[in-house]
Amino acid sequence: MGRYILKRLLWMMVIVFGTALVIFTILYFTPGDPAVVIAGGNAKAEDVANLRHLLGLDKSYFGQLREFMYNTFIKFDLGTSWVYDKPVLHELVIRLPRTLIIGLSAMALNLTLGLLMGIFAATHEGKWYDSLTMGIAMIFISCPDFWVALIMILLFSSQLGWLPSYGIGGPQYYIMPIICSALGGIAVNARQTRASILGVFREDYITTARAKGQKEGRVIYGHMLPNALMPIITSIGNGFARVVAGSAVIESVFSIPGVGLYLLTAINSRDYPVVRACVLFFAVFTALSMLLVDLVYAFVDPRIKAQYSNARRRMK
Amino acid sequence: MNDEKKILSVRDLEVVYTSGKKVVQAVNKVSFDMNKGETLALVGETGAGKTTIAKSILGILPNPPAKLIGGEIWLEGEELISMPDAKKLKIKGEKIAMIFQDPMTALNPLMTVGDQITEGLLLHNDYTKEEAIEKAEEMLELVGIPKARYVEYPFEFSGGMKQRVVIAMALACNPILLLADEPTTALDVTIQAQVLDLIKTLRVKHNTSMILITHDLGVVAETSDNVAVVYAGKIIEYATKKDLFLSPSHPYTIGLFNSLPSMTQGQKRLNPIIGSPPDPTCLPMGCSFAPRCPFVTEECSKEEIPFAEIAEGHFCRCCNLKQEEKTCH
Numbered sequence: 001m002g003r004y005i006l007k008r009l010l011w012m013m014v015i016v017f018g019t020a021l022v023i024f025t026i027l028y029f030t031p032g033d034p035a036v037v038i039a040g041g042n043a044k045a046e047d048v049a050n051l052r053h054l055l056g057l058d059k060s061y062f063g064q065l066r067e068f069m070y071n072t073f074i075k076f077d078l079g080t081s082w083v084y085d086k087p088v089l090h091e092l093v094i095r096l097p098r099t100l101i102i103g104l105s106a107m108a109l110n111l112t113l114g115l116l117m118g119i120f121a122a123t124h125e126g127k128w129y130d131s132l133t134m135g136i137a138m139i140f141i142s143c144p145d146f147w148v149a150l151i152m153i154l155l156f157s158s159q160l161g162w163l164p165s166y167g168i169g170g171p172q173y174y175i176m177p178i179i180c181s182a183l184g185g186i187a188v189n190a191r192q193t194r195a196s197i198l199g200v201f202r203e204d205y206i207t208t209a210r211a212k213g214q215k216e217g218r219v220i221y222g223h224m225l226p227n228a229l230m231p232i233i234t235s236i237g238n239g240f241a242r243v244v245a246g247s248a249v250i251e252s253v254f255s256i257p258g259v260g261l262y263l264l265t266a267i268n269s270r271d272y273p274v275v276r277a278c279v280l281f282f283a284v285f286t287a288l289s290m291l292l293v294d295l296v297y298a299f300v301d302p303r304i305k306a307q308y309s310n311a312r313r314r315m316k
Numbered sequence: 001m002n003d004e005k006k007i008l009s010v011r012d013l014e015v016v017y018t019s020g021k022k023v024v025q026a027v028n029k030v031s032f033d034m035n036k037g038e039t040l041a042l043v044g045e046t047g048a049g050k051t052t053i054a055k056s057i058l059g060i061l062p063n064p065p066a067k068l069i070g071g072e073i074w075l076e077g078e079e080l081i082s083m084p085d086a087k088k089l090k091i092k093g094e095k096i097a098m099i100f101q102d103p104m105t106a107l108n109p110l111m112t113v114g115d116q117i118t119e120g121l122l123l124h125n126d127y128t129k130e131e132a133i134e135k136a137e138e139m140l141e142l143v144g145i146p147k148a149r150y151v152e153y154p155f156e157f158s159g160g161m162k163q164r165v166v167i168a169m170a171l172a173c174n175p176i177l178l179l180a181d182e183p184t185t186a187l188d189v190t191i192q193a194q195v196l197d198l199i200k201t202l203r204v205k206h207n208t209s210m211i212l213i214t215h216d217l218g219v220v221a222e223t224s225d226n227v228a229v230v231y232a233g234k235i236i237e238y239a240t241k242k243d244l245f246l247s248p249s250h251p252y253t254i255g256l257f258n259s260l261p262s263m264t265q266g267q268k269r270l271n272p273i274i275g276s277p278p279d280p281t282c283l284p285m286g287c288s289f290a291p292r293c294p295f296v297t298e299e300c301s302k303e304e305i306p307f308a309e310i311a312e313g314h315f316c317r318c319c320n321l322k323q324e325e326k327t328c329h
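Taken in sequence, the protein lines are chains H and X.
Counting from 1, one number per residue, gives the positions in the first sequence under UniProt numbering.
Counting from 1, one number per residue, gives the positions in the second sequence under UniProt numbering.
Keep in mind that the hints were calculated from the coordinates and are not lab data.
Be aware that a few hints might be false.
As a list, the in silico BS3-like pairs of lysine-lysine whose alpha-carbon atoms are at most 25 Å apart [as the list claims (entries may be wrong)]:
#1 K22/X / K305/H
#2 K127/H / K67/X
#3 K215/H / K129/X
#4 K215/H / K88/X
#5 K205/X / K215/H
Since we're looking at a predicted model, the values are computed, not measured.
Please model the complete structure; the sequences and the hints are all you need to start from.
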């Protein structure tokens, strides 16, 4: 198992390195001059040229690439924001908790609700409340989160005045963003859970469990759910990766200074060090969540665990 | 029949499967009795309704699509179908246990085999966890699996070994009735004999009755006391093993025996029963075997054929026994 994790971590380094290369190249070839944007429309040509030199933009592609790679992977320096002149890492550390609070709470919410809805729908397959549950899930999937966010702001902030519509502060600031980011996940998890439970519903070992005289609840939670979990874990893993990488929309609607909004602003203002650092961070986070998913697989399914561990040891 | 010895009595059991508007008549008014310690073999083609009969007795029919629409099942003086579910859970696994057809899929792949045996033990006994584990290890040893393998998962066992686990699981609570649904079909011939022997030894110990579902007449000859031949959801012939093998009476049973290859005559081709079983969504009037029967007469399709006693303890559902004998023997 240890060897497997090590192997995966080594692969992750390759992935991160590749991501750095790709994002640098894309930004380099993006039309438009960051120096012009940062200096402002009215800046003199001389000032722009100075700024270009200061930011190192006058160097060749390979010269800039070498410097970026050296700083990032040898000195572990993510650079300084061109626009705000602050260290990117420092800013990421301040902003990350806000993104994580929203993302992780939303995940907890969509996991519990999604699983429960899925189990409920699957065990009442074909009845009207199955259709109702899946209908609700369909609506959740079909409504884009930014639209739901706007409607919620209209209702709860403008009309009723219950919740603040933007910014951060006390817990009440997080309620709407969390609900908005959870809705899509609830629907995905509910549909996924229902489908995979129905998949194992008629399996022989379920009949075996019933033949033992096991209570229906234990049959569902002890035998069906663990076997149905595999596809659900995959969908949870994707959701986990989206916690950070998908935060931009909700954060910009609610003006929450998190990682997603940081990236979005940086893209608009051509703040390349910030863009590069954010994308790298997203890559690491996504790769780590995928590794976590695979480890959870091994934990749930002994067959996968057996594949991972080279030397079989019997535990007792 | 002596009621003291009678443990199972099935009366007019009727089960249908519904899919969309189609109604499949899987079991049509099946009745039979069993004595303590007896082995009854249910023989018939795939889809004849054998497994459905067994699952109805245990109350594990998948509903939907299956639906029990009539009949009574008496186990030791208690009627099972009308019994409340909570009470029935006590009977499942404790008094009636089932060995499933395919050991490859009958075990939960994510649970250790030991835990799967322990699960049933804990449900039906007042064991502590430790006692149950000890008993489960005992059961494993009994079916010839070292108890150190308690902690292993089904994927680490071969097919024959898995079937042993399934048997250990079924017999762990000393059931009074064992339903063995083609216990050897998925296994190769050498393992088949071992598994059958194992079931036999374990049953004799506790005088367990068994319903053996099979389409292998060799297995029937080996293990059973009485035989019921099932065709299109009906029992068409019922006799002791000896009577059935010596004088099969229903044309279908005769066909079954004729289709076995002979060891002595240099036979080049098998003698199958021509045709295939009737569409269970619309069974023919009268005898459902009539369309394939070589002795068919007009009478066959007129009305329901009675289940007549043709010799002592030998029942047959055929109206042309006389004609048949003339041409056959």
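> Given the proposed pairing of K127/H with K67/X, does the C-alpha separation stay at or below 25 Å?
Replying inline: holds, 17 Å
>> Check whether the Cα positions of K22/X and K305/H lie no farther apart than 25 Å.
In response: violated, 45 Å
> Has the given pair, K215/H with K88/X, been kept, meaning a C-alpha gap of at most 25 Å?
Replying inline: holds, 11 Å
> When you check the alpha-carbon spacing of K215/H and K129/X, does it fall within 25 Å?
Replying inline: Roughly 18 Å separates the two Cα atoms, so the pair holds.
>> Hint check: K205/X vs K215/H, CA-CA at most 25 Å. Holds or violated?
In response: With a Cα-Cα distance of about 29 Å, the restraint between K205/X and K215/H is violated, given a limit of 25 Å.
Violation of the numbered hints given earlier is confined to hints 1 and 5; the remaining hints are satisfied by the structure.
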